[in-house]
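A.B. asks: Use the sequences and the hints to build the structure in full.
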Amino acid sequence: MKLLAQTNRIYLGFSLVVYLLTALAFYQISRLLIYDEVESRLRVEKQDFEAYARTHNAWASSPYFVENKIEITPVPGPVQPGEAFVDTLIYNHYDNEMTPFRQLTFFTPIHGQLYRVEIRKSLIQTYRLIEVITVTMVLFLGLLLLGMFWFQSRLSGRLWLPFYDTLSRVKAFDLRQGSPLQLHPSSITEFSELNDVLTKMADKMQHDYQGLKEFTENASHEMQTPLALINAKVEQLIQSSQLTENQSDWIDGIYQASRRMARLNQGLLLLAKIDNGQFGDTHTVDLTAELMQRLTDMDEVITHKQLTVSSDLREPFRGQLPPFLADSLVTNLISNAIRHNQSGGAIHVCSSAETLALSNTGFAPVTDPGTLFDRFKKGAANAESVGLGLAIVRQICHSYELGVDYQYQSGIHTLTLTRQFAGTERVNGMGIAAS
Amino acid sequence: MKVLVVEDELGLAEGITDYMVKEGYVCETADTFQKADEKIHLYEYDCIIVDLTLPDGNGFQLVETLKRLASTTGIIIISARNALEDKLKGLEIGSDDYLTKPFHLSELNARVKSLLRRRQFGGHTEIRFRELTVVPHARTVFVNGQPTALSRKEYDLLLYFLSNTDVALTKASIAEHLWGDNIDSADSFDMVYSHIKNLRRKLLDKGAADYVQSIYGIGYKFGQP
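Protein sequence lines, in the order shown, are assigned to chains A and B. When the first sequence is numbered by this note's numbering, its final residue is 435 and no position is left out of the sequence of numbers. When the second sequence is numbered by this note's numbering, its final residue is 1225 and no position is left out of the sequence of numbers.
In short, the hints are calculated from the structure, not lab data. Treat the hints with caution; some may be incorrect.
Claimed, not checked - No more than 30 Å apart at the CA atoms, straight line, and that leaves these computed lysine-lysine pairs for BS3-like:
# : chain 1 : residue 1 : chain 2 : residue 2
1 : B       : Lys1206   : A       : Lys233
2 : A       : Lys233    : B       : Lys1197
3 : B       : Lys1089   : A       : Lys204
4 : A       : Lys233    : B       : Lys1035
5 : B       : Lys1035   : B       : Lys1067
6 : A       : Lys233    : B       : Lys1002
7 : A       : Lys46     : A       : Lys121
8 : A       : Lys233    : B       : Lys1153
9 : B       : Lys1002   : B       : Lys1087
C.D. replies: Next comes the structure, spelled out in structure tokens:
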């Protein structure tokens, strides 16, 4: 939920409660005041009545008194003196309806006879008053509430504008593009501080990223050049014809080691680059087709190792990744399947829209399959491999929303690529298939 | 044939120069951007081998300058940077080839030769070695004037040998030349062996001398028996 919606909701709830309470209190207070007024008038009338009764020692129903205004009933026997106010409804002959009255009941002796006297005052005016007051109150308070609410939302919308601007800019910010994070200055201290902090952070990140990139490149350069030098010198050395067998072996050893190191270096640099996401634009790549193409390219090695290739291609498996990495991915998978295969073995490709599985025959794994994707883990004693192939496969998969899984079952090793976000990806894939 | 090697790592520059001189080229070196810039303004070269990262400048600039001055000079970039963007940029601004370090001198030599062939005679030239004749643009091979059918890899192999005659070639450099980097040495060495065996047999069948010698522990040499 948006911050503004949230604050508005809280604000609305709170003011509603406060306004209701206020309205209730107002109602009660005006009611109390009106009752107080009516009752004090009734008391005055009571005094008038008593004074009248005392002077005249009699009571005559005077026509002056309107209907229901006063009612006198003789009471037999002694009753505790006292007075009481009650609300009562009395039938009104003119309006044909019950009207509310406030009634004061007291006892007074007239002519030696005890009478119960009930003086009433109509509350109908009072009720109307209260109604009008209440309606007016509710109306005005409601208007005020709405007005405040509207004003508040407009104001906060305007106040938070720089924040939303910052947010959208930070969202659009891409570390890989060289342009720095540009934020509009804000007159509000908190926002301008936030912008400052964000700009600083983005600058630092960009600086570090740049540094890392440069380091990667420099490390590559610094390592490859000495390696090139070793290679060149070895090549010069082997041109001399007076080498003994031993010397040839040593030279071969140096040569192999330097080549291994070059491969290792290139593998590590590739991993670092994938880590840093330095490969830029992704495309939809048909990995099944790439894999089959690469298998055709490697035809010679496959024939050489007398491997049989079979495939079960139902639907192409597609991934979103940079083409260079797609190539690296399938190359590593196939190299792996060939390297760890046995002479006369088989390679099987199974492809569907959701999975791409590459199986190969081979000896049972000697290492824990769980660590197979770790760097420098080698399945078997194989001096050639540097142990980075599967680490690169995993790194590429992790970076581009693919899952990779290894299984070994009765002499068959299977590496399976899957989509990690099947739902969204499927829609994507179908869209492409349709277009 | 005049070749300029622009490389700041002196040992490597020396290695390249020695190899090139042996191949019969006139070779000069420049270890800084400044010197290289001076040389390309003063002299004309048939080919220039340029490193991208120089202590006082960028190899790309040299390539650009050279393209302006003498567009017929062949340019090969040698770089430690294996980035695709660099390769594309290099080719875009007019270099003819891009080689990532570490490379084999024999590979560099083969590429220089192929480049010069393409540049100077539009590729319409024949390579002759005693009774062998190779016509690169038609990819055909003749032994004593008789056409000899070779497989694609055998042809590539022969051309590589002919570019590096009388030079000891490592098995690894041959394998890499034929299959690139993505192949296991153990397999590729066997494959190199079988290709060489076949090539040798085919050439011998047509009456050529046996030029391929195997060098213990190292590789092969193509040259006078």
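A.B. asks: All hints, please: hold or fail.
C.D. replies: Evaluation of the provided hints:
1. B:Lys1206 / A:Lys233: The hint is violated at about 37 Å.
2. A:Lys233 / B:Lys1197: holds, 28 Å
3. B:Lys1089 / A:Lys204: Measuring from Cα to Cα gives roughly 29 Å; hence the hint holds.
4. A:Lys233 / B:Lys1035: Judged against 30 Å, a Cα distance of about 25 Å means the pair holds.
5. B:Lys1035 / B:Lys1067: holds, 17 Å
6. A:Lys233 / B:Lys1002: holds, 23 Å
7. A:Lys46 / A:Lys121: At roughly 12 Å apart (the allowed maximum being 30 Å), A:Lys121 and A:Lys46 satisfy the hint.
8. A:Lys233 / B:Lys1153: Holds, at roughly 28 Å.
9. B:Lys1002 / B:Lys1087: With Cα atoms ~25 Å apart, B:Lys1002 and B:Lys1087 stay inside 30 Å; holds.
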